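Asker: Residues per chain are reported as follows:
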Amino acid sequence: GEDVEQSLFLSVREGDSSVINCTYTDSSSTYLYWYKQEPGAGLQLLTYIFSNMDMKQDQRLTVLLNKKDKHLSLRIADTQTGDSAIYFCAESIDDYKLSFGAGTTVTVRA
Amino acid sequence: EADIYQTPRYLVIGTGKKITLECSQTMGHDKMYWYQQDPGMELHLIHYSYGVNSTEKGDLSSESTVSRIRTEHFPLTLESARPSHTSQYLCASSDYRATSNGYTFGSGTRLTVV
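For the record, the sequence lines run as chains A and B. Using our numbering, you'd call the opening residue of the first sequence number 1 and step up by one each time. Using our numbering, you'd call the opening residue of the second sequence number 1 and step up by one each time.
Heads up, a few of these hints could be off.
As the list claims (entries may be wrong) - Using 30 Å as the maximum straight-line C-alpha spacing, the simulated DSSO-like pairs for lysine-lysine come out as follows:
| id | chain 1 | residue 1 | chain 2 | residue 2 |
| --- | --- | --- | --- | --- |
| 1 | A | 36 | B | 57 |
| 2 | A | 67 | A | 97 |
| 3 | B | 18 | A | 97 |
Rather than coming from a laboratory, the hints here were simulated on the basis of the structure. Small disclaimer: the values here were computed from a predicted structure and weren't measured.
Construct the complete structure from the given sequences, taking the supplied hints into account.
Answerer: Set out below in structure tokens:
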């Protein structure tokens, strides 16, 4: 199957950490990605993790991968108002195609 | 800075009209894709191309058609627009194989058919 599932909404207070969760189905996925979409824009690659890694950290972003449970998460430390956006989880299906979730809308409140 | 361009950004058009959504990329990517995006729904792949003269239908059935005559250009055409075609259409491109680069997306075309 090629289903990627995410919760649709997350509300977080400015300065707190955000955690966005995702489950995927294709155990052979080579790469897993997080994309960010701001209003009126296309998707922008935020970060990715190779399937043989458990964790990747990039400044305020931490990606955790649990291959056994097919679970991917994105943690944003010190969430800012500029982090308000839709975040899409995606898995590589084969060498050429990605499968995306429905996106999690993150709202940062003051 | 975007290296993949979609025009128009917004389009409102009457039922029955023929429309073409343009997508061009300057990265020399072989693979190009069209996705349909509706609020709260997964991105649905409607068309993709492995290279020049290659076009394939995606996972979601669509009444649109595509062409790939040049590497950099991947237009999508609707011969007769209907209100059910109202959606956001995203174009993307990628390297030869799935890599850490993933896809590069355009800014999208928001189509409204009245």
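Asker: So, for every hint listed, does it hold in this structure?
Answerer: We went through each hint and held it up to the structure:
Between residue 36 of chain A and residue 57 of chain B the CA atoms are separated by roughly 26 Å; this keeps the pair inside 30 Å, and the hint holds. This hinted pair checks out: residue 67 of chain A and residue 97 of chain A have alpha carbons roughly 20 Å apart, not beyond 30 Å. Straight-line distance between C-alpha atoms of residue 18 of chain B and residue 97 of chain A comes to about 29 Å, which keeps the hinted pair within the 30 Å bound.
Violated hints: none; the structure is consistent with every hint.
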